[in-house]
Structure formats: structure tokens, C-alpha cells
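**Student:** Listed below are the residues making up each chain.
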Amino acid sequence: MTGTTAMRFTVGERRVRPLTAAEMLRMVELGVMDAHEPVELLHGMLVRRGPKTPAHETAKTRLMRWLAPGIRDERFDVRVGSPFAVPDPTSLPEPDVAVVERVEEPPAFPTAALLVVEIADGTVRTDLEVKPPLYAAAGVPEVWVVDVGRRCVHVLDGPAAEGGYARHRVIEDMAERLVPGHVDGVEPLTLGGLLAGL
Amino acid sequence: MAFTVGEREVRPLTADEVLRMVELGILDDDEPVELLHGALVRVNAKSPAHEETKLFLTQWLAENARRGGYAVRVEAPLLVPDRTSLPEPDLAVVQAERDRSRHPDAALLVIEVAVSSWRTDTRVKPALYAAAGVPELWVFEPHGKRLHVFDEPTPAGYDRIRIVEGHESVTPQHVDVPPLSLPELFRGLQPPDA
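So the protein lines, in turn, are chains A and B.
When we follow the working numbering, the leftmost residue of the first sequence carries the number 1, and every step to the right adds one.
When we follow the working numbering, the leftmost residue of the second sequence carries the number 199, and every step to the right adds one.
Calculated directly from the structure, the hints in this document are not laboratory data.
The structure displayed is predicted, hence computed values, not measured ones.
By construction, the Cβ of each residue, glycine as well, lies at the ideal position given by its N, Cα and C atoms.
Treat the hints with care, since some could be wrong.
No farther apart than 25 Å at their CA atoms in a straight line, the calculated lysine to any residue pairs in the SDA-like style are these [to be verified]:
1. B/K252 to A/M33
2. A/K52 to B/G204
3. A/K52 to B/P210
4. B/K244 to B/G386
5. A/K52 to B/G386
6. B/K244 to B/L387
7. A/K60 to B/V231
8. B/K244 to A/T10
9. B/K244 to B/R265
10. A/K60 to A/P180
11. B/K252 to A/P180
12. A/K60 to A/D184
Which residues of chain A face chain B? A partial, calculated answer using Cβ under 10 Å [unchecked claim]:
13. T10
14. V11
15. V16
16. E23
17. L42
18. G44
19. I71
20. E129
21. V148
22. R150
23. Y165
24. R169
25. V170
26. I171
27. E172
28. M174
Rough simulated footprint, nothing fancy, chain A against chain B, three-plus residues with beta-carbon under 8 Å [what the hints assert, rightly or not]:
29. 235-247
30. 305-318
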């Protein structure tokens, strides 16, 4: 993958050689790295995951509970904190919640999704600027970034193969209903319902 | 030196992990990278000036190695206290008598030839060598026809840097070897656009 989605790092004037997802998976498989280590591969770097705050976990659980019963179509699943295989071979993001195309045989990470949701609890730039271009390149039609601290949801849609999403709007009205553009059959959930008590 | 992606910290790779990756075939041991501050950093393509300088220095050192009781390692890993780095200096002069079952963790002299990696060689790597107690670091600048001598190591870096101009000779402080004539070393080396 080339283009605007690739972040480059340097040490002095020398380029960093990115790790690939395949290498990271081999490291875990062969015990070089602990499978439970809280990192995800973004642009060739192992990036530490933010702390799992109670607000983060509660928002994630609400989203899962809300989305799962609506997914009656056998072709899709709701996955939580699970790797999503994007075209960039040096990234393997793990969205907080994703409605993905079902993959069972052979087991593989999904490569297509109807909706990806990231819950930003102090990591808004990573969730809003770094990860969405990776999802856009995978053709994910819609990304939500829930900003618990600022009590809003960023809705990104219109993916471009390079360069992220064409549209970005912010839902701040607690009474506004969150409606996924590409997932049918989910009951209404308001922003206030998602963030109640958080 | 720490990298971030957005506001999140990068989890550095360690030297042990990289050595395991090579051992297990996850990384090719011929791949031109070295571990600096937790990142695999590409080694630049080698210019004629870089290789000629390195060759001249290797021969100068090797001729006296047996008598001087030292060994010369070329582009080989040096263990440093920072476990997220495993620098591979262009040349390292180490004691002949040492534990050969592992990479050395000490050197009498480290030499880097800076052609296209000036900032990495003078701002990133010296602190790693100083922390390892390497008493003297030479960074050659073949296109500028100069040598930068770093000495007086502390855990944070070298306290003294001096420049030796291209018409002079120079002798390492801790290696028993005849003086090196810089005019001979630099003769015929031209910048790529000259």
C-alpha cells in the first residue's frame, strides 16, 4: 500500500523499516511476543493500546449489546477488540467494535466491514486521524469515533482508497439517534443513551 | 527517543526480540537494518566513499591486530545498556580475549563512516556507545575530509567532541596501532556530485 495512508518514521535521516502484520503474528505464534500484550500494529509500529477505563468498557459493551441483536443477516458478525485485516500489510488495527463480514473457514481475520466504531478515551488523534485512513482503504463505508470526554460521536463516511473519508460530521445532541448507514435492523439508540452516566 | 502514533506510545522492540526473530527466521539475517531505540532502522545503500573509507580503516587496524591483542569487527552488533537498541557500527575494535559465545558489550574504539547518515551517526548512536563505556568514537566524514573524535563517555553521552582536519594524522587512545594518516585515507575520495 502506498499513498497518504502510510506514515513514515525516521531515526536521524534513516528510515524505519516497518514491521508487517505477518511478522507480528509469527512473533506471537513463536513466543517472541506475548499474545496478550496490549498493542496493535499501526504503520509498522507496535502501538500501545490506551488504558481500558470503566467508561471505555461500558461504552463498548453498550454498543455491542445494541448492535448484536440487529445483525440477523448470517453474513455478518459483531466483533469486539478483534484484528481487522486492512490492505496496508504493515497495519493490523483492532477496532473496539466492528460489524464485519463473517469469516469462518478457513479462519482468517475479516477484511470487510459495514461499520467500525472506536471509543476514544484520551486517544482521539490516533482514533480520528491515524486509524480511519486504514479503514477507508479497506472500503469500510462508515467509521464512528466515540469521544467519551467531549461527549460526542464523530461520523466519518465516504471512504476513499487513499486519504480517508470524504465526510466528517459530529453528533453532539444527546437526543439525536445514532443510525448506522449500512447496518439494517438495529433499534434506535440516542447519543444520550450511549453516554448515560459516563 | 520515543515514537508516538497519534497520542499513543510505540512499544519498542528489544534486542533480544530481534535476535530471536532472526534465529527463528521471522527476519532475514541479511536484511540491512539495525535496532535503534526500539525501531528497526534501514541501513542506507553503501556509497563508494563509505566502502573505501571502511576498507582502508579495516586494513590499517587488521595489520596490527595480532600484535595489539585486539580484534576488528565489521558491521557487527555491539550490546549496549539500552536493551531496545542493538547498533551495528561500521567498525568496532574489541579485546581479542573475550567471551565469543555472545556479541561483545565493550569496545576499545568504535568507528562510523558518515556519508548519508550524518544525523544518525552523530546525534543518535553516540549516546548508545557512550552508555556502553566505549572510551572513544570516531565518526569519519569522507566528503568533508574530516574526523570527529568523541571521548570522555558518560551514561548520557560523550562530554568531548573534537574535529581532526584532513591534513593531520590521528592515533586512537586505547588501541595499540601506528598513527593513521588522514591524507592517505581520504585521497581520491570524491563526493558523488563532484
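**Student:** Hint by hint, note whether the structure agrees.
**Tutor:** How the hints compare with the structure:
no., hint, in the structure
1, B/K252 to A/M33, "violated, 36 Å"
2, A/K52 to B/G204, "holds, 17 Å"
3, A/K52 to B/P210, "holds, 21 Å"
4, B/K244 to B/G386, "holds, 17 Å"
5, A/K52 to B/G386, "violated, 61 Å"
6, B/K244 to B/L387, "holds, 14 Å"
7, A/K60 to B/V231, "violated, 40 Å"
8, B/K244 to A/T10, "holds, 18 Å"
9, B/K244 to B/R265, "violated, 31 Å"
10, A/K60 to A/P180, "holds, 16 Å"
11, B/K252 to A/P180, "violated, 62 Å"
12, A/K60 to A/D184, "holds, 20 Å"
13, T10, "holds, 8 Å"
14, V11, "holds, 5 Å"
15, V16, "holds, 4 Å"
16, E23, "holds, 5 Å"
17, L42, "holds, 5 Å"
18, G44, "holds, 9 Å"
19, I71, "violated, 29 Å"
20, E129, "holds, 6 Å"
21, V148, "violated, 15 Å"
22, R150, "violated, 14 Å"
23, Y165, "violated, 16 Å"
24, R169, "violated, 21 Å"
25, V170, "violated, 18 Å"
26, I171, "violated, 21 Å"
27, E172, "violated, 22 Å"
28, M174, "violated, 26 Å"
29, 235-247, "holds (count 7)"
30, 305-318, "holds (count 5)"
Comparing the model with each earlier hint shows violations of hints 1, 5, 7, 9, 11, 19, 21, 22, 23, 24, 25, 26, 27, 28; every other hint is respected.
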